[in-house]
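Trainee: Sequence:
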Amino acid sequence: MELASKYDPHHVESKWYQYWLDNKLFSSHPDGREPYTVVIPPPNVTGVLHMGHMLNNTIQDILVRRARMEGKNACWVPGTDHASIATEAKVVGKLAEQGIKKTDLTREQFLEHAWDWTHEHGGIILKQLRKLGCSCDWDRTSFTMDETRSKSVIHVFVDLYRKGLIYRGVRMVNWDPKAKTALSDEEVIYKDEHSKLYYLKYYVAPGEQTKVARKAESNVMHQDAKGYYAVVATTRPETIMGDSAMCINPEDKKNTWLKGLHVIVPLVNREIPVIEDSYVDIQFGTGCLKVTPAHDVNDHMLGLKHHLETIDIFNNDGTISEAAGLYVGQDRMDVRKQIAIDLEKAGLMEKVEDYDNKVGFSERTNVPIEPKLSTQWFLKMQHFADLALPPVMNDEIEFFPKKYKNTYKYWLENIKDWCISRQLWWGHRIPAYYFTTEDGKRDFIVAESAEEALRLAQEKNPSLTAADLEQESDCLDTWFSSWLWPISLFNGILDPENKEINYYYPTSDLVTGPDIIFFWVARMIMAGYEYKGKMPFRHVYFTGIVRDKFGRKMSKSLGNSPDPIALMDKYGADGVRMGMMLSAPAGNDILFDETLCEQGRNFNNKIWNAFRLVKGWETADITQPENCRLSVEWFDAKLKEVNAVMDEQFKTYRISEALMSVYRLFWDEFSAWYLELVKPAYVDGKQQPIDKTTMAATLRFFETLMQMLHPFMPFITEELWQHASDRKDGDSIMVSRLNVAPLNDEDRKMCADMELVKQIVAGVRAIRNEKNIAPKKELVLQAIGKNNYAAFVSIITKMANLKSIVVVNDKNADASAFMVGTDEFAVPVGDLIDVGAEIEKQEKELQHLQGFLAGVKKKLANENFVVHAPEAVVEKERKKQSDTEEKIASIEESLKALKAKK
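Its first residue numbered 1, the sequence shown is counted upward by one per residue in the UniProt record's numbering.
Misleading hints may appear alongside valid ones.
[Claimed, not checked] Here are the computed lysine-lysine pairs in the DSS-like style, where the Cα-Cα straight-line distance is at most 25 Å:
#, residue 1, residue 2
1, K178, K196
2, K876, K887
3, K409, K532
4, K857, K879
5, K163, K178
6, K858, K887
[As the list claims (entries may be wrong)] Taking CB as the label site, the calculated pair distances span:
#, residue 1, residue 2, range
7, A96, Y279, 27 to 37 Å
8, S5, K749, 33 to 43 Å
9, T623, Q759, 40 to 50 Å
10, T141, K405, 28 to 38 Å
11, V359, E413, 19 to 29 Å
If you are wondering where the hints come from, they were derived from the structure by calculation, not from laboratory data.
C-beta: ideal position from N, C-alpha, C; glycine also.
Based on the sequences and whatever the hints tell you, model everything.
Mentor: Structure below.
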């Protein structure tokens with residue numbers, strides 16, 4: 001096969017991905033090898049690839065491909081999440097476009113539409129991952145609502161209920177008015193918001209005005225023509241229709257006058273009691289708190305403690321309910337604006353102030369949540385926290401970076417019960433069945449099937465039939481299925497001792513974002529210990545958030561989030577993968593810049609051109625030159641050195657550093673040095689052949705470099721590896737073993753010596769540039785006293801283009817000689833330079849140094865400076881003086897010799 005003159009990523013990528021699929025190179029089955037298992041963080045089934053997915057899945061693919069090349073049985077399981085809230089919202093939106101309301105449909109009809117949507121859009125993101133080069137075992141593709149996963153979820157729910165860990169009850173929950181469902185605490189994102197603090201007038205009840213008049217604390221009372229009133233500061237005036245009491249702190253002297261009274265809720269004109277509780281913050285606002293038990297978790301606790309009425313003024317969609325009596329049917333945010341106007345008009349607003357506070361928003365729909373009393377299903381979490389905290393704290397499960405251990409610890413030590421029910425139709429329907437007992441009471445049974453539920457219910461009421469059972473309408477939180485992911489993917493819930501779960505579990509590495517450390521990571525650890533008695537994974541690698549080059553989080557609204565598919569079309573998948581990884585330090589936010597993808601594309605071209613260069617050399621059965629022998633010996637040692645560094649970087653998940661190590665190895669060491677060292681010379685305009693020994697070693701090095709680069713850049717490395725040697729059909733770089741010998745002391749010495757050799761060559765080249773001596777002009781290198789690098793004469797001579805290296809005893813033997821780096825070598829330039837121009841250049845430098853020295857001497861002659869300045873500062877000035885005097889002496893000596901020559 002002939003190589004094209006230019007690298008075409010699109011042709012290469014499509015060709016080799018299909019080849020990998022055709023040869024089942026991603027497939028895994030239990031065997032005698034060490035397993036390496038990764039489960040994909042399942043993206044939303046109707047989602048599309050974004051930059052966060054690109055980063056996360058590139059890292060997973062790098063780890064999986066490297067494991068394969070280490071001889072492990074790598075199994076990367078793909079799949080998608082049914083994403084209850086997000087998917088249901090999309091289906092509802094699509095139906096609305098057709099003029100259909102969800103409420104117009106039966107549950108079964110709606111689910112038909114949801115499944116149609118899923119089948120239509122569900123495979124998009126997985127196909128996009130193929131374009132990125134992801135080497136998932138696609139035959140294992142799973143879905144959180146497929147049969148095995150669904151049965152596993154129901155089985156676990158029933159099991160936990162029967163263990164007494166799941167319960168049903170009325171509690172204050174986070175309510176999403178847009179999705180019309182409860183949320184867990186972890187699904188609420190708190191944002192800083194510039195809002196208002198409204199000071200409202202609560203007049204003392206008419207029958208108690210005279211009581212106030214008799215009180216002595218008139219200096220702290222509010223009064224106007226309408227009578228005495230208290231002032232309440234609130235950020236949510238729209239909730240006053242749900243007020244059941246006003247509360248003051250019993251230790252608050254300024255509000256003592258309110259004790260035992262009743263006040264009137266503004267606009268509502270309902271009389272409520274003033275209660276006392278130490279919960280009230282005396283310093284906030286006026287120290288008077290309006291208590292709305294149905295719409296604030298703390299108010300709810302006060303309501304229970306003081307036996308207050310609970311008035312729910314919100315409908316499920318965030319509009320005002322009939323119970324409010326005012327603004328019925330209007331949206332809560334519209335009411336906030338209108339009620340402020342109405343309170344002002346009624347003279348019931350004392351004042352309004354700007355106020356910064358934190359407001360909870362739904363993680364899914366990005367609308368402000370409402371605290372709401374609701375009957376929901378909950379999972380007791382303390383039991384699971386006790387299971388999941390120790391293994392992370394003692395590093396049985398390792399976090400990278402380690403800093404996330406503290407985040408994890410704080411959450412588990414302050415764990416709250418998990419609200420697991422959602423008021424949705426798309427998802428796993430809770431397996432609870434309601435019925436009426438023989439004595440007419442409402443009861444329920446939890447069972448894995450309707451048949452089992454009927455049998456159990458008939459034990460309480462034998463006359464029941466299947467038609468008498470009504471299944472719970474709520475679905476389970478999506479995370480209740482994904483917390484089982486590492487187990488359920490291998491059917492470890494339904495068949496706990498099957499061959500696959502025993503082989504692949506626990507999994508090896510989990511790659512995810514820190515934003516779901518509570519949603520998913522912690523809960524998978526809990527489920528792992530509950531159902532398998534062991535960890536679900538050994539290591540967790542937390543990626544950062546992908547931001548633009550200015551540090552802004554990528555978003556559609558800012559227009560700063562590039563389309564990953566467009567990037568791959570422009571730069572090739574390998575180029576984009578490299579661009580992502582060059583900006584991806586573990587656990588830190590990624591400042592993505594498209595120019596890094598361009599750098600990746602350029603690196604592809606560099607690799608391609610380097611291979612074409614080598615393949616263009618003719619070979620001959622000739623003796624291997626000494627410079628080639630040494631170069632092969634050096635680069636073999638260099639490969640070992642860098643491979644050892646990369647091994648350590650991979651162990652500590654410094655993956656972007658590992659990429660930089662092999663990048664520099666190829667660009668700086670292989671291309672810039674090794675290939676130049678062994679490149680055949682040109683004689684009379686014709687390139688000479690290369691010896692077969694060096695050519696074989698060079699191709700071997702190239703193959704090894706492709707193997708080291710393959711996890712990062714799978715496509716181009718496969719293409720060139722296939723060209724480097726004759727391959728059989730079915731061969732692939734991705735299952736080739738990376739056999740690099742361990743680094744030994746001889747290798748270390750060779751690498752260190754070569755670094756010094758490169759410094760000598762660089763020093764000679766610097767003199768050429770400085771003195772404008774043509775690269776082709778041969779120079780003589782003088783070794784002062786002794787040539788410590790005699791073994792490398794062939795390399796130094798070739799790379800520095802030297803006529804010879806000679807040993808001289810006196811470094812000043814030739815006035816035209818310039819030192820190379822250290823006192824070990826010098827280059828006499830003789831007639832090769834323009835003496836007049838050099839004299840002029842050195843006299844300018846001498847004049848500059850003399851001026852600088854005069855300034856230093858003046859400072860040191862200042863007795864005030866020498867006495868009062870810190871000793872270290874004075875010493876630094878003295879060193880400047882001595883260094884400058886030494887440079888001046890050297891230039892004066894050089895000028896003397898140059899002028900004598902002229």
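Trainee: For each hint, tell me whether it holds in the structure or not.
Mentor: Against the structure, the hints:
As the CA atoms of K178 and K196 are separated by approximately 23 Å, the hinted pair is consistent with the 25 Å bound. With a C-alpha separation of about 17 Å, the suggested pairing of K876 with K887 holds against the 25 Å cut-off. Among the hinted pairs, K409 with K532 is consistent with the structure: their alpha-carbon atoms are about 22 Å apart, no more than 25 Å. For the hint pairing K857 with K879, the CA-to-CA distance comes to about 11 Å; that is within 25 Å, so the pair holds.
Distance hint between K163 and K178 is unfulfilled; the C-alpha atoms sit about 34 Å from each other, more than 25 Å. For the hint pairing K858 with K887, the CA-to-CA distance comes to about 19 Å; that is within 25 Å, so the pair holds. Evaluation of the 27 to 37 Å hint for A96 and Y279 yields a failure: the beta carbon distance comes to about 44 Å. At about 41 Å, the beta-carbon gap between S5 and K749 stays in the expected band of 33 to 43 Å.
The hinted range of 40 to 50 Å is not satisfied by T623 and Q759, whose Cβ atoms lie roughly 30 Å apart. Evaluation of the 28 to 38 Å hint for T141 and K405 yields a pass: the beta carbon distance comes to about 33 Å. A C-beta distance of roughly 26 Å is found between V359 and E413, which places it inside the suggested range of 19 to 29 Å.
In this structure, the hints that do not hold are numbers 5, 7, 9, in rising order.
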